[in-house]
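2 protein chains.
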Amino acid sequence: MTPVTQKGSETRASILDRAVDLASVEGLEGLTIGRLATELRMSKSGLFAHFGSKQELQLATVEAAALRFRDKVIVPSLDAPEGAPRIRAMGNRYLDQMGDYSGGCFWAATSAEYDDRPGPVRDAIASALDAWLGELERQARVAGVERPERFAFELYALIMGVNSRYRLSGDERVFEYAREALDRLLAELP
Amino acid sequence: MTPVTQKGSETRASILDRAVDLASVEGLEGLTIGRLATELRMSKSGLFAHFGSKQELQLATVEAAALRFRDKVIVPSLDAPEGAPRIRAMGNRYLDQMGDYSGGCFWAATSAEYDDRPGPVRDAIASALDAWLGELERQARVAGVERPERFAFELYALIMGVNSRYRLSGDERVFEYAREALDRLLAELP
DNA sequence: CTGGTAAACGAACGTTCGTGCTTTTTTATA
DNA sequence: TATAAAAAAGCACGAACGTTCGTTTACCAG
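Going down the list, the protein sequences come from chains A and B. Okay, so the first sequence: first residue is 45 according to the numbering used here, each after it adds one. Okay, so the second sequence: first residue is 45 according to the numbering used here, each after it adds one.
Bear in mind the hints are in silico, worked out from the structure with no lab data behind them. Please note that a few of the clues may not be correct.
[Said to hold, decoys possible] Here are a few chain B residues that face chain A, going by a calculated C-beta distance under 7 Å:
| no. | residue |
| --- | --- |
| 1 | Val69 |
| 2 | Phe92 |
| 3 | Leu103 |
| 4 | Gly148 |
| 5 | Ala152 |
| 6 | Ala156 |
| 7 | Asp159 |
| 8 | Gly163 |
| 9 | Val165 |
| 10 | Pro192 |
| 11 | Arg194 |
| 12 | Met204 |
| 13 | Arg211 |
| 14 | Leu212 |
| 15 | Gly214 |
| 16 | Phe219 |
[Stated by the list, open to error] Computed cross-link-like contacts, SDA-like style, restricted to lysine to any residue with a CA-CA straight-line distance of at most 25 Å:
| no. | chain 1 | residue 1 | chain 2 | residue 2 |
| --- | --- | --- | --- | --- |
| 17 | B | Lys88 | B | Ile77 |
| 18 | B | Lys88 | A | Glu73 |
| 19 | B | Lys98 | A | Arg79 |
| 20 | A | Lys98 | B | Arg79 |
| 21 | B | Lys116 | A | Gly127 |
| 22 | A | Lys98 | B | Glu70 |
| 23 | B | Lys88 | A | Gly74 |
| 24 | A | Lys98 | B | Ser171 |
| 25 | A | Lys98 | B | Gly78 |
| 26 | B | Lys98 | B | Ile118 |
| 27 | B | Lys98 | B | Glu216 |
| 28 | B | Lys98 | A | Ile77 |
| 29 | A | Lys116 | A | Ser53 |
Glycine included, each C-beta is placed from N, C-alpha and C at the ideal position.
Generate the whole structure from the sequences, applying the supplied hints.
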């Protein structure tokens with residue numbers, strides 16, 4: 045009979061959960077199988093067997109980060125009506141989550157790490173970010189923005205800028221600046 | 045008699061020049077003494093002797109990157125009058141230089157790498173970026189901007205956003221978006 | 001109870017990392 | 001040109017990296 049939950053997939057999920065946190069701090073190259081195993085009180089080889097190679101672990105980590113992003117930012121914003129309210133909801137969700145204890149933004153860390161490093165990992169990161177930009181653009185279009193790609197870029201830049209400045213200088217005023225700038229962007233709507 | 049140029053300091057300079065390029069791609073952790081030595085056709089130990097530790101090499105690399113930034117972005121902008129014209133000049137210089145040779149922006153790569161990694165290297169990166177933000181802020185103040193810190197943050201976010209998006213997606217429209225947004229920011233001036 | 005399979009393990013591999021020591025080569029000046 | 005200092009190289013180290021191997025444990029089907 046087919047078991048309802050395989051033991052292995054639970055382990056795999058808990059590995060990836062920790063891997064996303066670790067990679068947010070150390071990067072996907074700095075993410076080390078040995079360290080991951082130590083933190084999870086597993087053997088290196090046992091952990092390794094779940095993925096077969098470091099690159100497969102990295103790709104699985106990117107995928108897990110995308111799922112977490114969906115859960116923490118996208119899904120909770122679906123309550124808000126499409127267009128301006130949802131844009132505001134997503135922006136706020138993202139900014140809120142950034143102040144968390146968590147190791148900073150996975151996407152800011154890894155996209156900067158891989159932007160000059162061709163390969164499947166970079167491609168996975170790029171397509172996840174493209175999807176996020178695309179969603180922002182789609183909502184901007186619904187909101188009646190005249191140039192949705194420009195709008196999406198500016199919003200993206202603001203959010204990444206907040207992450208960068210807040211993480212490095214600890215200056216909390218940047219949250220205020222970003223929310224004001226978002227207001228200014230949304231105020232242009234017809 | 046005092047020699048006009050010491051051999052060692054030339055070598056050191058050429059090491060750091062290459063180190064900045066390498067760190068822009070691989071990060072300051074991925075910057076490896078062995079690889080640096082191989083590329084410069086030196087022995088690991090000979091190169092190592094110039095710095096004494098990897099951390100000293102990293103700190104010297106940050107310093108060299110700051111000097112290069114000064115030469116490529118700040119100094120050429122000093123022709124422009126202070127205030128709005130100089131802000132525009134610095135922004136354009138930065139954007140121009142970004143399309144240059146591969147390697148991307150040293151500061152974008154390393155600040156994301158070290159924002160969760162306490163220590164002297166992080167401090168050096170942070171203070172260099174603070175100086176850059178401070179200069180933007182100072183020019184904004186001269187230009188009569190009502191809230192120079194907010195202005196400086198938005199400009200910083202735009203420039204880093206361009207770097208991030210251009211490096212990852214190759215979309216050249218972001219340059220246009222950023223220049224438009226800068227125009228919009230400057231148009232608010234009294 | 002038995003047999004088979006999935007999961008985790010411990011040990012070891014070859015390589016590369018940063019870092020010491022010692023020796024050789026190069027450079028600058030008396 | 002001789003010589004002392006500076007620069008570079010050679011060699012070796014312990015640790016950590018990703019990876020492979022053979023083995024042991026846990027679980028479920030017959």
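Checking each numbered hint in turn, tell me which of them this model violates, lowest number first. 2, 3, 8, 9, 10, 15, 16, 21, 24, 26, 27
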